[in-house]
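Protein chains in written order, with UniProt numbering: chain B, 1 to 146; chain S, 1 to 146; chain F, 1 to 146; chain E, 1 to 146; chain Z, 1 to 146; chain W, 1 to 146; chain U, 1 to 146; chain R, 1 to 146; chain L, 1 to 146; chain P, 1 to 146.
Some clues are possibly wrong.
Claimed, not checked - For lysine-lysine, the following BS3-like pairs were computed, each having C-alpha atoms within a straight-line distance of at most 27 Å:
#, chain 1, residue 1, chain 2, residue 2
1, L, K128, P, K51
2, F, K50, F, K106
3, Z, K145, F, K123
4, W, K106, U, K51
5, S, K8, S, K51
6, P, K144, L, K8
As the list claims (entries may be wrong) - Label-pair ranges, simulated between beta-carbon atoms:
#, chain 1, residue 1, chain 2, residue 2, range
7, S, E7, F, D45, 21 to 29 Å
8, B, S19, S, L26, 44 to 52 Å
9, Z, D76, U, K8, 21 to 29 Å
10, W, L26, R, I5, 38 to 46 Å
11, U, D120, S, D76, 40 to 48 Å
Worth flagging that the hints you see were computed from the coordinates, not collected in a lab.
All residues carry an ideal CB built from backbone N, CA and C; glycine is no exception.
Protein chains: 10
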Amino acid sequence: MTAPITEKLLAAKKARGVSFTELEQLLGRDEVWIASVIYRQASADEAEAKKLVEALGLPAELADELTVPPLKGSLDPVIPSDPLIYRFYEIMQVYGMPIKEVIHEKFGDGIMSAIDFTLDVEKVEDPKGDRVQVIMCGKFLPYKKW
Amino acid sequence: MTAPITEKLLAAKKARGVSFTELEQLLGRDEVWIASVIYRQASADEAEAKKLVEALGLPAELADELTVPPLKGSLDPVIPSDPLIYRFYEIMQVYGMPIKEVIHEKFGDGIMSAIDFTLDVEKVEDPKGDRVQVIMCGKFLPYKKW
Amino acid sequence: MTAPITEKLLAAKKARGVSFTELEQLLGRDEVWIASVIYRQASADEAEAKKLVEALGLPAELADELTVPPLKGSLDPVIPSDPLIYRFYEIMQVYGMPIKEVIHEKFGDGIMSAIDFTLDVEKVEDPKGDRVQVIMCGKFLPYKKW
Amino acid sequence: MTAPITEKLLAAKKARGVSFTELEQLLGRDEVWIASVIYRQASADEAEAKKLVEALGLPAELADELTVPPLKGSLDPVIPSDPLIYRFYEIMQVYGMPIKEVIHEKFGDGIMSAIDFTLDVEKVEDPKGDRVQVIMCGKFLPYKKW
Amino acid sequence: MTAPITEKLLAAKKARGVSFTELEQLLGRDEVWIASVIYRQASADEAEAKKLVEALGLPAELADELTVPPLKGSLDPVIPSDPLIYRFYEIMQVYGMPIKEVIHEKFGDGIMSAIDFTLDVEKVEDPKGDRVQVIMCGKFLPYKKW
Amino acid sequence: MTAPITEKLLAAKKARGVSFTELEQLLGRDEVWIASVIYRQASADEAEAKKLVEALGLPAELADELTVPPLKGSLDPVIPSDPLIYRFYEIMQVYGMPIKEVIHEKFGDGIMSAIDFTLDVEKVEDPKGDRVQVIMCGKFLPYKKW
Amino acid sequence: MTAPITEKLLAAKKARGVSFTELEQLLGRDEVWIASVIYRQASADEAEAKKLVEALGLPAELADELTVPPLKGSLDPVIPSDPLIYRFYEIMQVYGMPIKEVIHEKFGDGIMSAIDFTLDVEKVEDPKGDRVQVIMCGKFLPYKKW
Amino acid sequence: MTAPITEKLLAAKKARGVSFTELEQLLGRDEVWIASVIYRQASADEAEAKKLVEALGLPAELADELTVPPLKGSLDPVIPSDPLIYRFYEIMQVYGMPIKEVIHEKFGDGIMSAIDFTLDVEKVEDPKGDRVQVIMCGKFLPYKKW
Amino acid sequence: MTAPITEKLLAAKKARGVSFTELEQLLGRDEVWIASVIYRQASADEAEAKKLVEALGLPAELADELTVPPLKGSLDPVIPSDPLIYRFYEIMQVYGMPIKEVIHEKFGDGIMSAIDFTLDVEKVEDPKGDRVQVIMCGKFLPYKKW
Amino acid sequence: MTAPITEKLLAAKKARGVSFTELEQLLGRDEVWIASVIYRQASADEAEAKKLVEALGLPAELADELTVPPLKGSLDPVIPSDPLIYRFYEIMQVYGMPIKEVIHEKFGDGIMSAIDFTLDVEKVEDPKGDRVQVIMCGKFLPYKKW
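Kindly generate the complete structure, drawing on both the sequences and the hints.
Pasting the structure below:
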C-alpha cells in the first residue's frame, strides 16, 4: 500500500542513518512535513525535492515525483487498527463533541482548517515518564453566508 | 443520541449565559475536560459534579449521574460527517503515518496514551485570520516485552 | 431524522405558501443558504433568524435555536439513496479524479474550500428541456508548508 | 487502481508539458471532459481518440481502447479520503437536502441528469484569494407517470 | 420505517378489500405506480391524490401529503434481506455486466433512465407453474460530451 | 477482477467484429445468456461452449472452462458505482416495496425465481428518443409449508 | 426489533406453558414453521392462523395479521452476534465452498431452493452429550438457459 | 483468493475424472469433509493427506501442507453473492430466530457446536424434481456457569 | 440499547450500594457471571434469579425474565468505541495470529470454547501501578472429522 | 497478507522442527511474545532478533527488519472469520459490558492497558477435556483530569 517511492526513501534514510531532526535542519522545514513528503501526502517544490533526495543519497531523477500533488489519504482500514494511530481516532470519539463546543464558543460557527495547518510533535521530558506532545494549529475558517 | 443529562446541562449553560472559560475558573479544571464531563465522556468526582451542577443552577440530584464511569464514544457515524470533527479524521488520514514515523524515531516502539492525556484548545490571534491551536499531550507508553 | 424545528419551519412555509425566492428577497440571503438554515446545516445571526421565523408566521422564541452552530451532516445512509441527491455522489465517482487533475493544474496543490463557499441553483430554460445549473464557488486553499 | 492506459496518458502529458487548456484547444472539447476520457470515465469517438493520442505523442494503437464504454466509477473508498474530493462529498452532506428542496420548488418532482450533463472548472481571480468555480449543468428529468 | 401515511393507506385498502387492479381502473394509472405513490416513492398531482384517498374511503386532507416530492429510497439494509426483493439484487450481481455489454452494443455509451421510466408486473400463466414478468422500460440517455 | 477467460473472449469478439446478435443466431441462445457465459456467470454445455469458442476464432481448449459451474456474482463494490448498473439498484430502492405488494396481491406469498429465469434486452424505437426495454421473467415459487 | 405481534404470541405461549411440540400436534405443521409464523417470517392461511391464536388463548382478531405476506429477514446486524445464530454463519464461512463443489458434482449448475424448502430440528441423544440435528431439504433448481 | 494448493488439487481431480464419492470410498471420510480439506478449511493427518494426494496423482510433497491448521473462512464478501451459497445466508435471515427458539425449548440455553460437528449432503430423488438435503449435526454445548 | 431490566437492576444495585463482590458471596457465583446475567447475556435458573432480585430489593416478578435464554451480543458498533472494551478488540488485532499459532502448536487443530468457558477479573496490586488480570479458560474443542 | 519475513520465519521453524516452547527457553521471552515478533506485531531489540534468526537457521541479515516498529494489526476482515480468533471477538460481544462494570467497580474510571500488557497461553489438563487458559494482564490506567 505504501508507494514504491516511499519505500525507497525510507530504506535510504535507514541505510544512511539520517534522522528526521537532521533532515529538518538540512531542509529548513519541520520533520513532520518532511515525513509527509516522504509518504506522498504533501508535495514539495523542486528545490526542496532535490535537497531531500540528495540528503538521502538517491539519484536526482526521483525528485520529480515528489512535486506532483498526490492522491492523499494513507490509512487503509476505515478505522485504523495500528494502536498508535487508533488513539487519535479514539481521542475524537471521546473528546470530539467537547472540542466542537469549546471551539464554537471561542470562535463562532466554522472549522479549524486542515489545509492552512501545521502539526508538530515534541518530546516533553517528565520524571514519571516522558510525554508526547502533538500541537495542531490551523486557521479558523468561519462559514460564509451568501 | 446526546444523553438527556447532556441536553439539560447545555440548556442550563445557555440559559444562564455561563461560558466554558468561567466554568474553568469556578472548578479549577480545563474547559475541554468540563465539556467532556457534560457530554458524559469523562466522570467527575462528587465535589466536582456538585460544583458544576450548582454553577448551572440545576438541582443537586443531577450531580450523581456525572460520577459514574460512562460508556464512552460520542460520534455516531463511523466516519464523522460534521465538518469540524471530520477535519481531525482527515488530519490522521493525511498525517497519520508521518506522525507514527516521527514518534517512533523520537521514542521507540510504543504509543501516546489517550488516557493519561490532556487536551487544550487555544485561540492564537493572527492578523491574517485567527488560528485554532489544539495541544494534545499524552504519556508515552513503550510496549512491554515479556 | 429531520430535526423537529425543520419540520415546523417547512410546514409553516407550506401552509403560508411562501417560496424560497420570496424568502431570498425578504432576508437578502440566497435561497439555498436559507434552506440550509431551515435544515439546521447553517447558523443564522439573531436578526436573520427573527426575520425568517416572522416571515413564516411562527413565534419569535423559535429564532433562538437557529443561531446555535449545528452538528452538521444531514444525509443518513453512507451512500444516499434518494435519486436527486445520489446523482451528485455519482458525479464525483465519475468526474472526481478528472476535476482533481484540472484544479491542481490550474491552482497547484490544495483544495476548494467548502466553508468559504457559496452554492447557487439556477433554472436554465432550454427548448429541448430546461436544465438545472448548480454553481459552486469556494476559495482555493493552498496546502501550507511548515 | 488507475488503469494502465490512464497512467501512460498522464505520463506522456507530463513529459510533453501539454496542459489541459492546450488539449481543450486542440480537440475542441472541454478540459474536464478530456480528463474524463484519460481517466476512462468517458468514451471518445475514433477521431477524438486519435487526436488525443497524437497530441500526447503516443502510438495510434492506443486510441482504440479509449472508444469502448468503460466500467465507470473511479473512487476507491466508499467515502473518499483525498481532501479535495472529500469536500464535494461534504458539500452534499451539508447542502444536499437544501438543494433538493430548492430544485423541487423550481422544477417539481424529478432530478438533475448526470448523463445529459456538463461540468466546468473555472479560476475566479480575487484579491482575497483566488476562487475555484465548479459549474454543473444537467437536464431536468421529471419523473414519468404511467 | 414505513411512513405513517403508507400504513394508513394500506390498512384502508385491506379493510375495503380494494385490489391494485381496481385502483388501476379507477385512476387510469398503472398499479405499480399507484403502489409507489402509496409507499411515498412517487408524487401524485392533486386530482390523482384526491381520487386515491377517496377510493380508499379516507378523509380528503390526507391527499395533500401525497403531492410533495418525497425523499425516495425505501429499502433499509444496504443489501435487502427480504427474499423477493433480494432476487432483483442477485439478478444484477449475476447478469449486471452481461446486460451492460448488450446495452452498449445496441445503443452506445449511456444508460437506461430510471426517471423517464415505466415498470409493469404481469402474471404469465404456465402449466409448469405461473411466471412473474417484470417489464422495465426507460429512455436511453447517451452521455453528453462538452 | 474480470476473469482472464472473459478478457480473452471479449478481445476476440472485438477483433473479429462479431456482435451479440450474430452469436445469438449462431448458438440459438439469447444474447444476454451468451454474454453471461462469457462473463462466467452461466455455464454452457460442451456443444455450446465449443460453438462459442469457435465462433470467436479461439482454440478449442478454452471451451472446457466454460462448462464448470462458476462462483457467481460479478459486481465488486457492495453498491455498484457504474451508472448503468446502479440505475437497476436504484429502481429497487424506489420501486422494490411497491413491486412486492403487487406480486403478493397477484400470486400470494412467494418470490419470482432468479434461477428458473430469463432476461431480455430490447431496443424500442421512439421518436422522442429510443428506449431500453428489459424483460425479466421468472417462475413464481410459493413458500412451502411443512 | 421484534414485531409487537411476535412479542404478544411469545408471551402468551410462555404464560400458557404451551411447547412448540404441542403446537405441532395441534396444527399439524412442523414446530419450526410455526415458530416462523410467530416471528412473522412465514404467512399462515386463515384456518392455521385462527388455530394458532386460539391455542395461545388470544383474541381471534390477531389471526388476521398472520396471513399477510411479511417483509422477511429478522436478523439485525449484517453478521449476527448471537452465538447460536452465528455458528450457522460460521458453518458457511468454513464449509460453504466445499458444499458448493459437492452439490454441483451431484446435481450440475443450480441451487438448493430456500422457498420450496423445509427445515427440521431434532434432538439426537448421545451418551457423550446430546446433539442438535438440523435437516434442510430444498428442491434443486437448475439454471434455466434461454 | 482460492489457495494455490486448492487450485492444484481441483485441477488434478478434474483431469483424473475422480468424483468426491470415489474419494469418500478411498479415504473412508465423508465427501464434504474431503472437499473441506481440499479448500484448506479442515486439516488432515499425515496418512489422510498422503492418500488424498496420491489418489489425485500428485507428488507426495504436497501432502505436508494439508496437515497444518489453516486460517479458516473462505467466503470473501461479507454477504456472499454466489446464489447457491447466499441461500444458506437467507435461510438464517428467515429461519434464524425460529430455530433459536426451538433449540432453546428442546435443550435450554446453549448452542449447537460448529466444531464437534458433521455435515452431509444427500440427493433425495423426487418425481416433482430432485431435492438437496443438507444434514448438520453438532454437539449441544450448554453455557457454563461459574 | 441496554434492556429495561438491566437498567432497573443496575439502578437498584447502585441505590442499595451492593457491590459485585457481595453478590458473588450471596449467590455463590462469580461476579462476572452475575454481571452477565444483569446485562441479559447469560440466563440464570429460577433459584439464582430469585436470590439476585431479592438481594437488590426488587419485586420477585422480575426474576422470571432472567431465566429466558437471551438474544446475546451487547455491543452496538461493529468495532466498539468505548476505550476499555476496544482494548480487547485491539489485543486480538495485535496478538490474534500469535495466539492462534501457539494454541495450534499446543493442542492441534481446534478452538477454545466460548461456551464451556469461564472468565475472571482480578486486581493485581503492584507498586508501579495496580494491574488488571483477566483470566479466560475454555475447553479445547478439536475439529471433528467425519 | 502475511509479511514475507513472517512466512520465511514460520517455514524455517517448521523445517527445523523448533517449537515455541523451545524458542521461549532459548530467548528467555514468552512464546506468545516471540510469535508476535514473528508476525511483525512486536519489535525485538538487536540481540533478541539475532538470537531468534539464528535459532531458526536463517541468515543474520534478516534480524534487522525485526527491530523496526511495525504497522500493527494483523487481522484482515473487520470481524475475523477464523473460528479460533472469532471466539475472542464473541467473548467481548457477550461479556464486554459485564467486564467493564466489574473493572470500574474494582478500579474506578480507566482502562486496562494493551501496551503495558502481557498475555500467556496455558494448557490446563482436565479429564473431561483439556482446557485453554489465556491470561491477560495489563496495567490499570486511570483517566487523567486536567
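Does the structure keep K50 of chain F and K106 of chain F at a Cα separation of 27 Å or less? violated (42 Å)
Between the alpha carbons of K145 of chain Z and K123 of chain F, is the straight-line distance 27 Å or under? holds (21 Å)
Does K144 of chain P pair with K8 of chain L here, judged by a C-alpha cut-off of 27 Å? Violated - the C-alpha atoms of K8 of chain L and K144 of chain P are around 31 Å apart, more than 27 Å.
So the hint says 21 to 29 Å: do the beta-carbon atoms of D76 of chain Z and K8 of chain U match that? Taking Cβ atoms as reference, D76 of chain Z and K8 of chain U lie about 23 Å apart, which means the hint holds.
Hinted pair K106 of chain W and K51 of chain U, Cα distance within 27 Å: Distance ~26 Å between K106 of chain W and K51 of chain U Cα, so the pair holds.
Check the hint pairing K128 of chain L with K51 of chain P against an upper bound of 27 Å on the C-alpha distance. violated (30 Å)
E7 of chain S paired with D45 of chain F, Cβ distance criterion 21 to 29 Å: Taking Cβ atoms as reference, E7 of chain S and D45 of chain F lie about 24 Å apart, which means the hint holds.
Evaluate the given range 40 to 48 Å for the C-beta pair formed by D120 of chain U and D76 of chain S. holds (42 Å)
Evaluate the given range 44 to 52 Å for the C-beta pair formed by S19 of chain B and L26 of chain S. holds (46 Å)
Is the distance from the Cβ of L26 of chain W to the Cβ of I5 of chain R consistent with 38 to 46 Å? With a Cβ separation near 39 Å, L26 of chain W and I5 of chain R satisfy 38 to 46 Å, so the hint holds.
Please verify whether K8 of chain S and K51 of chain S have alpha carbons no more than 27 Å apart. Holds, at roughly 16 Å.
Hints 1, 2, 6 from the list above are not met by this structure, while the remaining hints are.
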